[in-house]
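2 protein chains.
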Amino acid sequence: MKIEILFVSGDDVDLLELTDTEVLEAVETGLRAHGDRQVVLPPKSHLSLEERHEGHFNILPGYVGGLDVAGVKIIGDYAHNHRHALPSELALLTLYHAETGTPFAILDATRLTWMRTGAVTAIGARHLARSDSRVLGHIGARGTSRYNLRYLAGIFDLDEIRVTSRRPESRAEFARAMSEELGRDVVAVDTAAEAIDGAQIIVDASRLTEPAVLVPTAAVQPGALVVPYGAVMSTEADLPATAEKFVVDDWEQAARGQFGQYTEIIRTGELVREHLYAEIGEIVTGRKPGRERPDERIVFWHRGFAISDVMLGNLIYERSVAAGVGSRLVLQSAAYEL
Amino acid sequence: MKIEILFVSGDDVDLLELTDTEVLEAVETGLRAHGDRQVVLPPKSHLSLEERHEGHFNILPGYVGGLDVAGVKIIGDYAHNHRHALPSELALLTLYHAETGTPFAILDATRLTWMRTGAVTAIGARHLARSDSRVLGHIGARGTSRYNLRYLAGIFDLDEIRVTSRRPESRAEFARAMSEELGRDVVAVDTAAEAIDGAQIIVDASRLTEPAVLVPTAAVQPGALVVPYGAVMSTEADLPATAEKFVVDDWEQAARGQFGQYTEIIRTGELVREHLYAEIGEIVTGRKPGRERPDERIVFWHRGFAISDVMLGNLIYERSVAAGVGSRLVLQSAAYEL
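Chains as they are written, first to last, in this note's numbering: chain A, 2 to 339; chain B, 2 to 339.
By construction, these hints were calculated from the structure, which means they are not laboratory data.
Possibly wrong hints are sitting among the right ones.
To be verified - Distance ranges between label pairs, derived from CB positions: (1) A:Glu265 with B:Gln39: 54 to 62 Å; (2) B:Asp12 with A:Glu23: 33 to 41 Å; (3) A:Glu170 with B:Gln39: 36 to 44 Å; (4) A:Glu174 with B:Glu18: 47 to 55 Å.
Said to hold, decoys possible - Which bits of chain A does chain B cover? Going by a derived footprint, with three or more residues having C-beta under 8 Å, they are: (5) 43 to 50; (6) 128 to 135.
We put the CB at the ideal spot given by N, CA and C, even for glycine.
Okay, chain A solo, but in the shape it has when bound (with noise of 0.2 Å):
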């Protein structure tokens, strides 16, 4: 029997124009999914390079019930790769038939990895920020920023969105590229406290590789919705236990594991499980309330997982199957067995 993979480049996945309807209900129904215990979600594990080479590679393997389809992404997080004229996360997503574990596709998950996870911050917000948010503050200027304007620009009715990142020509490039793609004014700051300010939905998107407070506790107006999701802490470390609601995508995933948010001072026990409102999944399926009052402070971390990976992966493989995009490898051309 002839074992043949599908591959998706990049390019692929650009020429394929994927809806942003189609990817938010693609990553909707994996966090539906997850709300109704239907996946298997092993802790993400981590291949740490950071002695040598200030990097390291996330693994986050998955397994959607509904699609009966596994998934394994491999993601290197190399914050200083703007050196190299490379992304800094680089992705590659596997996916496998559940029941006999057979590959069938390979994926550059590098945009990908941006649209779920903007698709998460947007899916996020819908539930969790006043559905009457006007000023989006936004930090960060790369890879899945792009995604998260974008989606949360189709949700609410902004007025302002503000974006700043650390370095000066990359927020300015980001702004005027972001203008463009959404036909509305994004304003470059040059501080997160002004990006900030007065913001009812504020993204942390950005790459800390030490923990560092952008996001201060008292910059959080009542009302707010705040969701940082580096790999380092970059609000106070009271404010997810003293928000009014503190939200996680996987809770399991958000207590273990090297890298994330709240990873540390959730091994120190300064955050615990009691501080925890929900997992979004059982927001999403009406299990929880999300928003109740318009005054809540709310905190969502979304340390992302291979749920997302797999479900908009599927999307992508279906697509390319469908548009005939993607080149068609044959891993073995006979099955190997002796």
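We have chain A already, so just place chain B on it with the hints.
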């Protein structure tokens, strides 16, 4: 900047006609790197679908300093795949430049897994079996079994090679094919007891899904080497602790995870680190002697680690490039960076 990847299929690996010597050298270099602590080797992780499909995936990440290459192998373990005319283990290996996390190769790692596993069996035996071993008793007739026999037969002057397996048709076919491949008699026998009776080298490469005693402690004669590496225990529980030497590939790996020959008795505390004589890398690098007396009974449990995969994968990549084998794929024609 364009990012390219070489895809090396199972057929491509076959085209390369790797010699036994180069495979053994590559794998031994990896064991040496492990002994020299020139590797990063996080624990294997698993994506377990046992509840739905009687199968699971093992995920093996690793980094080898000498090459400066990182790799992750994803391998299904589906014991019943022969029903689908598929190998029980289908594997993909991806390789990355460690400096930037950029992927550069995707390999069918099904045969690679068999080869590197057989190589570790044989290298272990070179250090741990009596050099005058004459009888090999081998349990198992699929996948790695072929390379166990092939590489062991290249190192030892064997008078008898006996093989058994669960299914009569598979062991008969395996004995026939291996007799042809090795140019000497390989005899199929009905039971494990017949296979291992009086053997100086006993290998259990069977694929049990429930523990069963295939190698009773009393059947292990003085001077014998036992190499059991199934996913569940196939010897009596007292064997590793009562043998004169108990050797593993990596104790941290061995002591963790859901699957492995002695995982359960490590979990219960019956087998502990104090029972361990050495990791194989310590022996290969000369830090500790291997076999010291002709009558020692030695148990070598290799759970398998990513270092061997990265070493052999990198060899296959380099040989493919040199031979013009494999499919060159464009991952991103212009590296993404908004």
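Exercise for review: Please test the hint of 54 to 62 Å on the beta carbon pair from Glu265 (chain A) and Gln39 (chain B).
Suggested key: Cβ of Glu265 (chain A) to Cβ of Gln39 (chain B): about 29 Å, so the range 54 to 62 Å is violated.
Review point. Does the hinted range 47 to 55 Å hold for Glu174 (chain A) and Glu18 (chain B) at CB?
Key: 51 Å, holds
Check your understanding: So does Asp12 (chain B) sit 33 to 41 Å from Glu23 (chain A), Cβ to Cβ?
Key -> The hint (33 to 41 Å, Cβ to Cβ) holds, given that Asp12 (chain B) and Glu23 (chain A) are roughly 36 Å apart.
Point to revise | Distance restraint hint 36 to 44 Å, applied to the beta-carbon atoms of Glu170 (chain A) and Gln39 (chain B) | key: Given range 36 to 44 Å: holds, Cβ gap about 39 Å.
Exercise for review: Please count how many residues of the stretch 128 to 135 of chain A have a CB within 8 Å of a CB from chain B and say whether that reaches 3.
Suggested key: Our answer is that it is violated, as 0 residues pass the Cβ test (under 8 Å) against chain B, missing three.
**Study point:** Coverage of the stretch 43 to 50 of chain A by chain B, judged on three or more residues with CB within 8 Å
**Key:** holds (count 7)
Checked against the numbered hints given earlier, the structure breaks hints 1, 6 and satisfies all the rest.
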